[in-house]
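**Student:** Here is what each chain is made of, one letter per residue.
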Amino acid sequence: MQTLAVTENDLNRLTEIFSKCVSTSTAQALGTLLGESIQHHIGKTEFLDITQLDQLTPAFSDGTNMSAIYLKQTGDIDVGVLYYMPEKDGKKFAAKLLGKTRLDSFTKLSKSSLSETGNILSGSFFNALANDQGCKTSADIPGFAVDSFMSILEIPAMEIGIQTQSLVACSAEFFSSSGLKLRMLMILDPNSAKKLLEKH
Amino acid sequence: MTLQTFVGSCVAICLYDNVAKVAGMAHVMLPKNNTTEQVPKPEGKFVDVAIKVLLDKLTANGAMRTRLKAKMAGGASVFQTEGNKNVFNIGTRNVDAIRAILGENKIPIVSEDVGEKGGRWVIFDVVSQVMTIKDRAKGVTTI
Numbered sequence: 001m002q003t004l005a006v007t008e009n010d011l012n013r014l015t016e017i018f019s020k021c022v023s024t025s026t027a028q029a030l031g032t033l034l035g036e037s038i039q040h041h042i043g044k045t046e047f048l049d050i051t052q053l054d055q056l057t058p059a060f061s062d063g064t065n066m067s068a069i070y071l072k073q074t075g076d077i078d079v080g081v082l083y084y085m086p087e088k089d090g091k092k093f094a095a096k097l098l099g100k101t102r103l104d105s106f107t108k109l110s111k112s113s114l115s116e117t118g119n120i121l122s123g124s125f126f127n128a129l130a131n132d133q134g135c136k137t138s139a140d141i142p143g144f145a146v147d148s149f150m151s152i153l154e155i156p157a158m159e160i161g162i163q164t165q166s167l168v169a170c171s172a173e174f175f176s177s178s179g180l181k182l183r184m185l186m187i188l189d190p191n192s193a194k195k196l197l198e199k200h
Numbered sequence: 001m002t003l004q005t006f007v008g009s010c011v012a013i014c015l016y017d018n019v020a021k022v023a024g025m026a027h028v029m030l031p032k033n034n035t036t037e038q039v040p041k042p043e044g045k046f047v048d049v050a051i052k053v054l055l056d057k058l059t060a061n062g063a064m065r066t067r068l069k070a071k072m073a074g075g076a077s078v079f080q081t082e083g084n085k086n087v088f089n090i091g092t093r094n095v096d097a098i099r100a101i102l103g104e105n106k107i108p109i110v111s112e113d114v115g116e117k118g119g120r121w122v123i124f125d126v127v128s129q130v131m132t133i134k135d136r137a138k139g140v141t142t143i
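The listed protein sequences correspond, in order, to chains F and A.
1 is the number of the first residue of the first sequence in my numbering; add one for each residue after it.
1 is the number of the first residue of the second sequence in my numbering; add one for each residue after it.
Hints listed in this document are in silico derivations from the structure and should not be mistaken for laboratory results.
Since the model is a prediction, treat every value here as computed from it, not as a measurement.
Among these hints, one or two may not hold up.
[Unchecked claim] The calculated lysine-lysine pairs, modelled on DSS-like cross-linking and capped at a C-alpha distance of 27 Å, are:
#: 1; chain 1: F; residue 1: K181; chain 2: A; residue 2: K117
#: 2; chain 1: A; residue 1: K138; chain 2: F; residue 2: K108
#: 3; chain 1: A; residue 1: K69; chain 2: A; residue 2: K106
#: 4; chain 1: A; residue 1: K52; chain 2: A; residue 2: K32
#: 5; chain 1: F; residue 1: K195; chain 2: F; residue 2: K136
#: 6; chain 1: A; residue 1: K138; chain 2: F; residue 2: K92
#: 7; chain 1: F; residue 1: K92; chain 2: F; residue 2: K108
#: 8; chain 1: A; residue 1: K106; chain 2: A; residue 2: K57
#: 9; chain 1: A; residue 1: K41; chain 2: F; residue 2: K194
#: 10; chain 1: A; residue 1: K117; chain 2: F; residue 2: K92
#: 11; chain 1: A; residue 1: K21; chain 2: A; residue 2: K57
#: 12; chain 1: A; residue 1: K41; chain 2: F; residue 2: K44
#: 13; chain 1: A; residue 1: K52; chain 2: A; residue 2: K41
#: 14; chain 1: F; residue 1: K199; chain 2: F; residue 2: K20
#: 15; chain 1: F; residue 1: K195; chain 2: A; residue 2: K32
#: 16; chain 1: A; residue 1: K117; chain 2: A; residue 2: K57
#: 17; chain 1: A; residue 1: K21; chain 2: F; residue 2: K88
#: 18; chain 1: F; residue 1: K194; chain 2: F; residue 2: K88
#: 19; chain 1: F; residue 1: K194; chain 2: A; residue 2: K106
#: 20; chain 1: F; residue 1: K44; chain 2: F; residue 2: K199
#: 21; chain 1: F; residue 1: K181; chain 2: F; residue 2: K100
#: 22; chain 1: F; residue 1: K88; chain 2: A; residue 2: K138
#: 23; chain 1: F; residue 1: K96; chain 2: A; residue 2: K117
#: 24; chain 1: F; residue 1: K88; chain 2: A; residue 2: K117
#: 25; chain 1: F; residue 1: K100; chain 2: F; residue 2: K88
#: 26; chain 1: F; residue 1: K108; chain 2: A; residue 2: K117
So that you can see chain F by itself, here it is in the shape it has in the complex (with noise of 0.2 Å):
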């Protein structure tokens, strides 16, 4: 492994960058796509090997499998945002953006309806750390599976991995009023990690 120096206070200052940019813009964006109210918790962040994946214990144990969107952002630092819930989460997250009452299996527009919701997700997010931290970035094309947590961890930690084989992982967890679950998994390299400190 070769590793920097992310020490427990760049993790906190980190912890600290994630939580005023979803608080501020993504739980909000959150809250006028599905018209609900949204409450959301910030999980620790944490400094690992891709080998130690079974570290970032899932959210929503509750669910098998999940629905996953992930998107890779690219340019001042390259970060992986995984948004995930459980499956049936994620039909009625769906139905309720395709203004329907229920979603018997993911359709085309299903998959497209939460893929946009991933770009809406992370829009507001990177906007907010681009006006916060001076940090710019844009969005790959969102991807969208469903699958088993490890299976869709797997990928983004691969994508951000590769070059240094750790990864720097913050987390949120979002509740809607109307009790659907999503949580949002950054991932980013120790050099990313790096650079958005210095830019704080």
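Assemble chain A onto chain F, guided by the hints.
**Tutor:** Relative to chain F, chain A alone:
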């Protein structure tokens, strides 16, 4: 005795000698060692390092290089984009890297279950050399 792991875009590669009944499995995550260390830990992380270490350990435990065969599973493209453009191709790159290194070492791939969209549980029976794959979409298959 069985060896098992779960893989999404990663690949489970098994090498075995069916005469000596010696087998090893590596859960590889990335195609090539890009660190300054010759054998970064854990040893199974990179395809090139993992196969070299597997070969060394198998021969040290009685396997003959000329009898070695391979089975592999994984390398899924878990995330699909609209238009099915695969921009997240790390799984394919892992599989390609394994094929290349096994080819260089003249180790035949007897069977494989690679690509597709989903993660899989991979269980390899050292005695029978049967690889069992548990996949959300396809159920249980053996190769």
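**Student:** Are the hints correct? Go through all of them and say.
**Tutor:** Hints, one by one, checked against the model:
Straight-line distance between C-alpha atoms of K181/F and K117/A comes to about 24 Å, which keeps the hinted pair within the 27 Å bound. Proximity of K138/A to K108/F is assessed by CA-CA distance (about 21 Å); at most 27 Å being required, the pair is judged to hold. This hinted pair checks out: K69/A and K106/A have alpha carbons roughly 9 Å apart, not beyond 27 Å. With a C-alpha separation of about 12 Å, the suggested pairing of K52/A with K32/A holds against the 27 Å cut-off.
At most 27 Å may separate the alpha-carbon atoms for a hinted pair to count; K195/F and K136/F meet this at roughly 12 Å. At most 27 Å may separate the alpha-carbon atoms for a hinted pair to count; K138/A and K92/F meet this at roughly 25 Å. For the hint pairing K92/F with K108/F, the CA-to-CA distance comes to about 15 Å; that is within 27 Å, so the pair holds. For the proposed pair K106/A and K57/A, the alpha carbon gap of about 17 Å is at most 27 Å, so the pair holds.
Between the alpha carbons of K41/A and K194/F the distance comes to roughly 24 Å, so the proposed pair stays at or under 27 Å and holds. Restraint check for K117/A and K92/F: satisfied, since their Cα atoms lie roughly 23 Å apart, inside the 27 Å limit. The suggested pairing of K21/A with K57/A holds, with an alpha-carbon distance near 13 Å, which does not exceed 27 Å. Taking the CA atoms of K41/A and K44/F, the gap is near 26 Å; set against the 27 Å cutoff, the hint holds.
At most 27 Å may separate the alpha-carbon atoms for a hinted pair to count; K52/A and K41/A meet this at roughly 13 Å. With a CA separation close to 15 Å, the supplied pair K199/F and K20/F stays within the 27 Å bound. Of the supplied pair hints, the one linking K195/F and K32/A holds, its CA atoms being roughly 26 Å apart against a limit of 27 Å. Among the hinted pairs, K117/A with K57/A is inconsistent with the structure: their alpha-carbon atoms are about 32 Å apart, more than 27 Å.
Taking the CA atoms of K21/A and K88/F, the gap is near 45 Å; set against the 27 Å cutoff, the hint is violated. Annotation: proposed proximity of K194/F to K88/F is violated, straight-line Cα distance about 37 Å (limit 27 Å). The straight-line distance between the Cα atoms of K194/F and K106/A is roughly 44 Å, outside the 27 Å bound, and the hint therefore fails. Distance restraint check for K44/F and K199/F: the Cα-Cα separation of roughly 21 Å lies within the 27 Å cut-off, and the hinted pair is therefore satisfied.
With a C-alpha separation of about 18 Å, the suggested pairing of K181/F with K100/F holds against the 27 Å cut-off. The hinted pair formed by K88/F and K138/A meets the criterion: a straight-line CA distance of about 20 Å does not exceed 27 Å. With a CA separation close to 26 Å, the supplied pair K96/F and K117/A stays within the 27 Å bound. Restraint check for K88/F and K117/A: satisfied, since their Cα atoms lie roughly 19 Å apart, inside the 27 Å limit.
Distance check on the hinted pair: K100/F and K88/F sit about 15 Å apart at the alpha-carbon level, within 27 Å; holds. With a C-alpha separation of about 16 Å, the suggested pair K108/F and K117/A falls inside the 27 Å cut-off, and the hint holds.
This entry does not satisfy hints 16, 17, 18, 19, going by the numbered hints stated previously.
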